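Visitor: One letter stands for each residue in the lines below.
2 protein chains.
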Amino acid sequence: MRVEIVAVGTELLLGQIADTNSQWLAERLAAHGISSHFHQHVGDNHERIVLAFRTALARSDALIVCGGLGPTQDDITREALSAVMNQPLERDDDVVEEIRRMFSARNREMPENNLRQADAPRGATRIAPTRGTAPGLICALGQKVIYALPGVPYELSEMFERAVLPDLEERQRQRGHRGVIASRVLKTWGTSESALAEALSGRFEALTGGGEVTIAFLASGIEGIKVRLTARGDDLAQVEERLRGEEGRVRELITERFGDIIFAVDNQTMEDVVADALASRGWSLAVAESLTGGLIASRLVNVAGASNWFRGGVVSYASSVKFDLLGVDVGPVVSASAAQQMASGVRALLGATCAISVTGVAGPKEQDGHRPGTVFVGLDVAGSVDHTTLHLPGDRPRVRAYSAISALDFLRRALARTP
Amino acid sequence: MRVEIVAVGTELLLGQIADTNSQWLAERLAAHGISSHFHQHVGDNHERIVLAFRTALARSDALIVCGGLGPTQDDITREALSAVMNQPLERDDDVVEEIRRMFSARNREMPENNLRQADAPRGATRIAPTRGTAPGLICALGQKVIYALPGVPYELSEMFERAVLPDLEERQRQRGHRGVIASRVLKTWGTSESALAEALSGRFEALTGGGEVTIAFLASGIEGIKVRLTARGDDLAQVEERLRGEEGRVRELITERFGDIIFAVDNQTMEDVVADALASRGWSLAVAESLTGGLIASRLVNVAGASNWFRGGVVSYASSVKFDLLGVDVGPVVSASAAQQMASGVRALLGATCAISVTGVAGPKEQDGHRPGTVFVGLDVAGSVDHTTLHLPGDRPRVRAYSAISALDFLRRALARTP
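From first to last, the protein sequence lines stand for chains A and B.
The first sequence begins at 595 in my numbering and counts up by one.
The second sequence begins at 595 in my numbering and counts up by one.
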């Protein structure tokens, strides 16, 4: 079964709202091993909705349509379904009564428009609404099927789980389809997407032939570069085993070539990993930031329970704040020694076990003779100091974001080496 | 010109990432009066990408393709373009040299894979990359055109503005398309989208009839709630006049009902406005942040020239940092007096003219008897202190983001009242 998602609404084409429905549905389908090869967005226009449906029916086995089932004049998914099925719309008296009842129960007058929600193409099956007034529809067309769901995410998700997913799974079974799909994401920091791809090219080719596990790369800014393994199999146990096996091989290749650059798995973030390493040792952290201007601290406080290990930080943007508050020697502030002094200074000032610091040139101009993108990271772990020098590409926001993840990664590696 | 957006990437079909590129592009196209009737998502599969392109070419005049131009094996947009154009891929030696140069400038070894980025179908025009290594492509097919852009949003947006938009506008002109469209965005902070819509309902109806200017609302998180006026006309002068007239009426209605809630226009941000107010007075600013954890400081340093007026800040996440470093009275730290003491404390500590501070409950649990979303903002302008209390909706990240913009808005209003 290949399912195509068609999201209906002019607001999508104008960029006024993000299409969260397609992403949510895609994730749910993938989790159940149901393939989806295409998505479409189309506006509230009869001819174009019909064209989008026909296009989807030609290349997919099932359609999930989101939106256009509301009561107003721009809700025309029902009419488009009627055209594609070549069946007239019929008004269901029971649904009419149900809609009237819902309005009177809320003591509200019912606009006549609302009765349009009782219309459905002849032959369609209704999905009763439990969270709104719009019924969903299941429209069979020979061996293919169109599911129409309301665009309100909260209504859509409930109907999908209750009525669409079971129906899709039954159709899969009837076609003799078995199997599930699952993914594992390895997050890395410290090399490029292309270098990773090259190091794993052997696996890539090995997997392309077999097809049981696939591999993909995704550069995700401050979340690092992701390596995604996706496995198919008859059941969850088999898929898990395939993922485990492939993860082991991929980890070995990456570590052999680049060292300890895999910092997290799946939804874990860099700050989660640092938080775990600190909390498990009962240690606390302080940060001193110059060019990142609070970015590192603002990421750290997003971790649940940060108050257990995060003391706080100093944004020492002006040089005099570095000298007066953090005890940095008066002189150039973009240097390795300034970074180390910032770390030791903020550690003492806030009474933390460890501290990291960042000073550097965000650009666009040079500073202290250093080119934009030159960044010094300082570290003080229980009195033992260290530093690293970065040369980062990009404009100011990019240099800042990369500096933040690089500093956290420097701390992560230091903690991993510290018993 | 009808433009179709085709976003390429298996991660979209698996629901692993949100398609922010299509939304961003759709908004930019709409702002320039260019229609878009369909969007598609397709995975990293040659046959299916080719099918998606052919489908789009059949129903649209131009395609903007996002993604699949990277250096790795799963980046196959170039091959699909070659198939659709029926032209072989050719490697450009100048681009090869450029890619080698970029790697050697960063002292990094170039994986052989990266040279694939120098490939393009014969007859295609390259868009030079300024923010990454992937060139974009402009591929003419008779009267139609395909623009291929990298999927990294930061690279995509720059190439779109520099190369795609001017080319699309030129094609519109060649087709005899006349008339221009322009927008003005008024950014507000301090009321709800529905209250704004109600206050402007008279204008909304007046404009719906005429059609020369339209009005739309867009809740944009920490950028506030935007009121967008869009005017069409024969030339720029006419459009500007229409916008000016309508902006005056809308400003009057908003200010009459809600006071000074319009903080910026178009691309101006809250921090830009605060920066101007400080710089014009020759004043400096310091911040003390608890629940926002550096978020305010990290926004302020994004303003060009921030070092002229931004001293820095203290992220006083642990209570003892508030007591010891900022001189807050030992006791409950979620209170109006703690907020004021934080502001005065950081102002003195960093030697600034003004200071703002934030303390409160991000949630999900209560603190000091206050419900999640209760936030106190402190202010010290040249020794004159003030505070405000907020009750914000949402989860932790939302409460933090709203606290940050609210604190900056509190400072903005205070500066506007100060001669």
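Misleading hints may appear alongside valid ones.
One copy or two, either will do: identical chains are not told apart, so a pair holds if it fits within one copy or between any two.
To be verified - Once the Cα atoms are required to be at most 25 angstroms apart in a straight line, the calculated DMTMM-like pairs of lysine to aspartate or glutamate come out as:
hint: 1; residue 1: K959; residue 2: D866
hint: 2; residue 1: K738; residue 2: E841
hint: 3; residue 1: K738; residue 2: D761
hint: 4; residue 1: K820; residue 2: E703
hint: 5; residue 1: K820; residue 2: E605
hint: 6; residue 1: K959; residue 2: E787
hint: 7; residue 1: K959; residue 2: D989
hint: 8; residue 1: K738; residue 2: E846
No lab work stands behind these hints, which were simulated from the structure alone.
Values in this document were obtained by computation on a predicted structure and should not be read as measured data.
Visitor: Can you give the numbers of the hints that this structure goes against, from lowest to highest?
Guide: Of the numbered hints, 2, 6 and 8 do not hold.
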